[in-house]
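Enquirer: Hints given; two lone chains; assemble the complex.
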Amino acid sequence: MIVTNAMFNLQNSVRGCLRITLLLAITLGSLTSHAQSASEEPATFNDLVDQLAEGSLSRRGKTVTTIAELNHERSIVVLNALQAGTLKVTRNDPKQVVIEQADDSLVNAQSGAVISDDLGRLKRIPIHNKLRSQLHTVLAQLNLASPDKTARLSAVNRLITDGGDANTATLLQALVADEAEADVRDAMQTAIAMYDIQSDDAEVRLAAVKALRGSLIPEVRGPLLSLADNDPNQNVKLEAQSALESIEGRLKVFRFTENVFFGLSLGSVFLLSAIGLAITFGVMGVINMAHGELMMIGAYTTWVIQQALPNHIGASLFIAIPTAFIVAGLVGIAIERGVIRFLYGRPLETLLATFGISLILQQAARSIFSPLNRAVSLPEWMSGSLEINPALSITFNRLYILIFGLMVFFALLLILKKTSLGLKVRAVSQNRPMARAVGVRASWVDALTFGLGSGIAGIAGVALSQLTNVGPNLGQAYIIDSFMVVVFGGVGNLWGTLVGAMGIGLLNKFMEPYAGAVLAKVLILVLLILFIQKKPKGLFPQKGRAAAD
Amino acid sequence: MIVKKLVKTVGAWGLACGMGLSAVTTQAEEDTIKVGVLHSLSGTMAISETTLKDTMLMLIEEQNKKGGLLGKKLEPVVVDPASNWPLFAEKTRELISQEGVDAIFGCWTSVSRKSVLPVVEELNGLLFYPVQYEGEESSRNVFYTGAAPNQQAIPAVDYLMKDLEVERWVLAGTDYVYPRTTNKILAAYLKSKGVKESDIMINYTPFGHSDWQNIVSDIKRFGSAGKKTAVVSTINGDANVPFYRELGNQGISAEDIPVVAFSVGEEELSGIDAKPLVGHMAAWNYFMSVETDENSQFIDQWLAFIENDKRVTNDPMEAHYIGFNMWVKAVEKAGSTDSDKVIDAIVGVEVPNLSGGTSKMLPNHHITKPVLIGEIQEDGQFLTVWETDGLVPGDAWSDYLEGSKDLISDWTAPISCGNYNEMTKKCLGAAE
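Line by line, the protein sequences are chains E and G. Per this note's numbering, the first sequence starts with residue 1, numbered consecutively. Per this note's numbering, the second sequence starts with residue 1, numbered consecutively.
Incorrect hints may have been included.
Claimed, not checked - Calculated lysine-lysine pairs in the BS3-like style (CA-CA distance at most 25 angstroms, straight line):
id, chain 1, residue 1, chain 2, residue 2
1, E, K521, G, K184
2, G, K184, G, K196
3, E, K130, G, K310
4, G, K191, E, K252
5, G, K191, G, K227
6, G, K228, E, K62
7, G, K191, G, K220
8, G, K220, E, K252
9, G, K426, G, K405
10, G, K333, G, K72
11, G, K162, G, K114
12, G, K66, G, K227
13, E, K417, E, K537
14, G, K162, G, K191
15, E, K237, E, K252
16, E, K130, G, K228
17, G, K162, G, K184
18, G, K65, G, K333
19, G, K114, G, K73
20, G, K162, G, K227
21, G, K310, G, K329
22, E, K123, G, K275
23, G, K310, E, K123
24, E, K521, E, K535
25, E, K130, G, K65
26, G, K65, E, K237
27, G, K425, E, K130
28, E, K537, E, K521
29, G, K162, G, K228
30, G, K220, G, K275
31, G, K227, E, K210
32, G, K405, E, K62
33, G, K220, E, K130
34, G, K220, E, K521
35, E, K62, E, K95
36, E, K424, E, K537
37, E, K130, G, K333
38, E, K252, G, K329
39, G, K65, G, K114
What the hints contain is simulated information worked out from the structure, not anything from laboratory work.
Excised from the complex, chain G in its bound form (with noise of 0.2 angstroms):
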């Protein structure tokens, strides 16, 4: 209790200087396990990163509560990247080398996680990388607990072009990596589904955009060719809220276009009025609605943690959550928090999350989960209108793109390698 007291104090006393705050050291009394957290407190992604860095404190908070892990205690080490990419991989550096923690949970953009990867590789650490992703990409030291698109993107697409009859298609996104990335993947998977090159229309836009006028009307007269249109969004953080009021200003209603959104979830909407987006549709593995034993317990954990009732919780949020439970379990299972050793146990780790089901950690450092397609209702939460009938295994390199189809990543022996091309039976190594 008083170690949190205090990582709060000295947390909102950096915060207070604004400043790029070193790293918020706990009081180490005796021998203890150091966990880094890497998340974003002051910047523009503190918006969605303060949540998981109080995420990994609840959490760490909870396993001393059982007794610690190894017969030692836990101790997060918090440090702010201040949504300074460069500064990510500083942060890392500094939160292996000096402050020798055993595992890094953090990142959120994939610009954060391609700036930290080469560090953890380097100096073989392990990261936890909890936010949905566009995948063509897999390392040896990272674990992406988060969706790949083919638990997120493809199942979506599905659900939209078999129970809605969408024939019409706006893949509208942010522009960077994961939009770009992922609306490849759902064009490629489309035309394969033999969708016209005319019906597909893609549109992105910069980061904070806030005038959609011109957008949302094209959007609303490509819709009216009299085919059912749905949009696709990758639309990231802040451009949501003008994006989805324009929408509804322009009376374009969840019937008439309904807008599948990968990156808006209960945090965010919490921030908007939900009443104009009524109906419009999210995919992630775990919504807050979702009625399981160990979601209520999980949700009241967090609203005594956070001490506010009115606070949510978010898929991100079970990424962790389960990614921590699978370390804690590999780490007890190795005997050892020693990088190779736990890289080695983690793999075929299972343990519950949160949406009724076992994740099971998979050879390529993904994970298995059960996709959930919900509609957005007026208190900002999700009514969850369809759901895979399993679990679905991550997959790192889509199966939909040239190049990328015929490579597996495997990180056990005899394998042992990220992008494995099944074809030539050759592993290409760290190319990229």
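Chain E on its own, in the form it takes in the complex (with noise of 0.2 angstroms):
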């Protein structure tokens, strides 16, 4: 392999082209033989792509294998747009195999030409899984002389995981060469070697082995695990085991790091749901029952939003913010002009009319929108994840989420700390009737201050409508959570929640592997009482004259 890796860069002149014949040589030498079994009188082209569009599935698996032997230059275009589901077929006769195009457009499957008329509806040429994965093996192969980078990148993916036969190897080592981007290059040294550890050679095998040695891509550890526990050299054997060691040592290492995400990505969540909480509940003092039907309200806010930009997903959002904040904070000072300032002192009261008011909440609900859940779509930004290392990636959304939820957080902190509704709001939490004696309109900033709490909780449910069900019963799932977090962090300060949420955020995490997500749910319940009946004022305590009753 050494040796035709060398003959190769010798010949720079020739590379671009000798690449391309190789292809068509290599591949056509893997295909023929079947092609000459599959039929009598080769099928054209046309007539296979019309064949695409019915028949069984499995007829359709067959149709593929003789499109993508055909090599026609078309075979890539129209495979690839059978996979991602933008071949179809007309419903009226004469039937027409069409490409919708990205930009809604219609283009003949056969020729490419551009068809301007009206076809009526259409119909998408459906896939199942098996049919799918066919696919992208076929077109691994077709796509591994693409211009296109990811492209390319992609189908060596595919052809690690399928594990490789003799002809893919030679073509690969027959392309590692000409390879320009190092990520590529990687990718199709570690196919190769994927191969070669299959290899009856003991010397080929132990140089596969070093090769793939600190790989973290998961498909390599089934084969080395197997090396390692039977292989007749024990040259290989010893190699294949230290090469797993190192790889396990930095599996640990990333899966920590993952474990630490996961936590703050969570206590992330707990932060947004609990923030609104630590206004309304830590800082006034009022147990409202009904803060989660507000994140409620905030979620389906941006529901009504996406329905009426269905074009701008991302924007939407955008615009979901701020509109759910005074949705929810509106709602929130009706909820407290109209029922809770008369309750200010009794907090028994205050529960159950709020916990009523949250009742009546689901219920407007299930009659407005059905008790359906509404279904938020993503933007295209939100989904997918952030691949660091094969054994390590951030899902973007979880990402997002995160730095959104700590951007809420220091943007309360500002409020409260300097601006003059954060001076009044204190000053009244800390001493009504002082605050009253210098001139502060009392109940009109309880008013504004629940307002605020509330609208933190709307925009929480902008976030949660990313991650969950935009339904009636939204807002149960976070309430209890909530007031943990604010009684974990001490009731009245900011900082507390913050740490408080990640905190619990962190503890679930690292129990959960262990636990199961039931228990540890539990277990933090547990732990949280007991640490409540040592510290009843929770992590950060009020001091000084705040504290006072």
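Expert: Put into structure tokens, the structure is as follows:
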């Protein structure tokens, strides 16, 4: 293999040429034998594409193979479209197979000619997992020479998963020297090693194991494990064992990092849902059981805005943030003016009244929006994950929500510490008669504070709509956790809420692998009860005058 | 029509109040046959059960258009047990003792059924239960028109094992009785097929679990051992959306690790953006996409009744369709709505199902159904990729569990027993 690579390096001038020729030669070589047996008289590309639109799923599979074997210039285009679900067929006769482009325009699948007539309703040509997987493998072979770097990389990655055969390995060896992109080259080398590791020659196996050392690609572990367990050659066996050890060592580090991220991300959800409560319960002392439903209102606001702007899903999310704040805030002010202000200083009545409000809001959502969940779509940039390496990837939606949670937290902190409203809020919560004596309109401040807390709950709802269901029960799931976080962190202390949320999130995620999701939740509640017994005022109790009840 | 409107208006007001509403009765002008509809219209289960209430109202309306039953009109009596399990029992008592209904169609969760069970047995009522369940139960007064484990879980696992050559199994479920029993049966079944203990991973999560990050990452790791892996999911209700989203975001596609779900149907999918789910599977006895005349007629009827052409149909709706038609036929056969006479008459009754066959009521009060496996498509519908050759008879007692494999249920003479031990030739009676 090394010899081959060196030879190719010498032939710089003919690289491009050779690459194509080799690719064609090998692809054809590997496929012709099959093609001959498949049919006596070769079907034309046009007929085959027409055949794709009809017949059973398994027949479609055979047609796909034949189309790939034809190596027609539009084979890749058609198969890619089938894979992506953009290959469609007209409902009216004569049936016509078309490809829907990204801009909704149609082209003829066989010729690529643009179609301007109205073809009526189109039917997507359905594929199932087996076919999808077959397409992946076929396309991986065809896409290896693609000029697009990402297509090449995903093609090679597919070959790593498949394990590969002799033909692919030869093809890859021919291509690897030519490859300009380092990461594609690395992937190709891994793919070659994955093939070599099955070799009968112990030396080749040993070299392959060495090449795979430190690789974090999950597929690598399977073959290494089997070599480490029962390779006839002692050297290979030892090498495989040490390679596995080094991989395991690195994996452990990444697993830990991953767990920390999971914990922080769960914590950020707790933070978002609890931070509004930290204002209404923490600062004002109102036990608001309808807090969860205010989040629900925020989530429904996101849905409504998305319905109004179906083509701007990303933008609608940004519009939803202030809108949800205002809508939930106004509902909050209405609750405060309508019910809670008559109940200040009577915590039990407040609790019961707000619980009633929460039931009314839930049922209102059922009546207005139906009891079914509403589908909120995720913008493109919210789905998928940031792959740091094959063993560690961070999902985008969680990452953004973590950042968003912290932003909301600091914005709130600024409002409370630096604005005149914040000053008044703190004044009223610390000493109501004194604040009134110096001219603060206490009841007006109460309403605004409650509105602020509720508005933030609405913002939390926007974030939650990206993670979970938008339905009437959304709020119920978070209310207990929110109270838990605020009490744990220390009532009336925003920093306590931050530390409490992150602490509970981390604790939960580190306990879950050992205890399971159900028991982890129970254990956290038990630990929290014990903690409150010891420190009834939470992690960061209020000190000085503010602490006086 | 006026009656329907009235039910709707009264229902809407009751809902708006949000309080446990008492029986919503329609104006009874003459002698009618009353049918109880016992589905939660508020609380957590309203999301699934409201549709079934509407299905029942539609079926009853259709039957009345055809001239009613035994020359009388049918009259629906709708109550709201509000997702509150003890309230299910109270409402059942109210339906039978006060309203005098002749049959009840209702319940969704197993715990609600268990709560209703002693009441219908005591008052000798009839309950038609339309949802797939864990089996291990048989009552003289209950008809199980949903799937038993051998009509859903076992065929699905067979498909994965034979067609997809799956060797490693993740059994993921919500922590309550249906997933736990189903997984127990599945684990026993897999072991009997030679799957090693280390190749089975069992995971339970609480109701409404929303943070799936590390569980999905565990599944990914479990699936990277070089053997084909699949997830058999009995995850219930709301927890599914964040679960599938997490799978999509962590880049696990249906090709790598397919998920077969037993609780995800068209209705659940209509509340999700289905793109990240494409290719994942579900096992049911009915899909909306099945192309039969009965089905397209049923869909048209449903869309016209609900006045919303975006609504979908699903498996439990079909179960109610079958159950209701069986009850109608049995009443006609018996010439009476008397419980004992209907129980005797209904065994052996055959009615067409919606997936192109004829379902039959068996002596064990389960029915025969086809089993379909479908892959989720982008539009939230299923593409049928596999189905059983014929109809599968429902089995109340699993053949793979110690303690229940010798039991059969047969409510016809001479056995007339829900848990008859074939080895000892004894009826265990109402021990449980």
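Enquirer: For every hint, state whether the structure bears it out.
Expert: Hint check:
no., hint, in the structure
1, E:K521 / G:K184, "24 angstroms, holds"
2, G:K184 / G:K196, "15 angstroms, holds"
3, E:K130 / G:K310, "30 angstroms, violated"
4, G:K191 / E:K252, "31 angstroms, violated"
5, G:K191 / G:K227, "17 angstroms, holds"
6, G:K228 / E:K62, "23 angstroms, holds"
7, G:K191 / G:K220, "22 angstroms, holds"
8, G:K220 / E:K252, "15 angstroms, holds"
9, G:K426 / G:K405, "14 angstroms, holds"
10, G:K333 / G:K72, "15 angstroms, holds"
11, G:K162 / G:K114, "35 angstroms, violated"
12, G:K66 / G:K227, "56 angstroms, violated"
13, E:K417 / E:K537, "22 angstroms, holds"
14, G:K162 / G:K191, "15 angstroms, holds"
15, E:K237 / E:K252, "22 angstroms, holds"
16, E:K130 / G:K228, "13 angstroms, holds"
17, G:K162 / G:K184, "21 angstroms, holds"
18, G:K65 / G:K333, "20 angstroms, holds"
19, G:K114 / G:K73, "31 angstroms, violated"
20, G:K162 / G:K227, "14 angstroms, holds"
21, G:K310 / G:K329, "32 angstroms, violated"
22, E:K123 / G:K275, "17 angstroms, holds"
23, G:K310 / E:K123, "18 angstroms, holds"
24, E:K521 / E:K535, "21 angstroms, holds"
25, E:K130 / G:K65, "47 angstroms, violated"
26, G:K65 / E:K237, "78 angstroms, violated"
27, G:K425 / E:K130, "48 angstroms, violated"
28, E:K537 / E:K521, "22 angstroms, holds"
29, G:K162 / G:K228, "12 angstroms, holds"
30, G:K220 / G:K275, "20 angstroms, holds"
31, G:K227 / E:K210, "23 angstroms, holds"
32, G:K405 / E:K62, "43 angstroms, violated"
33, G:K220 / E:K130, "20 angstroms, holds"
34, G:K220 / E:K521, "23 angstroms, holds"
35, E:K62 / E:K95, "20 angstroms, holds"
36, E:K424 / E:K537, "24 angstroms, holds"
37, E:K130 / G:K333, "48 angstroms, violated"
38, E:K252 / G:K329, "64 angstroms, violated"
39, G:K65 / G:K114, "34 angstroms, violated"
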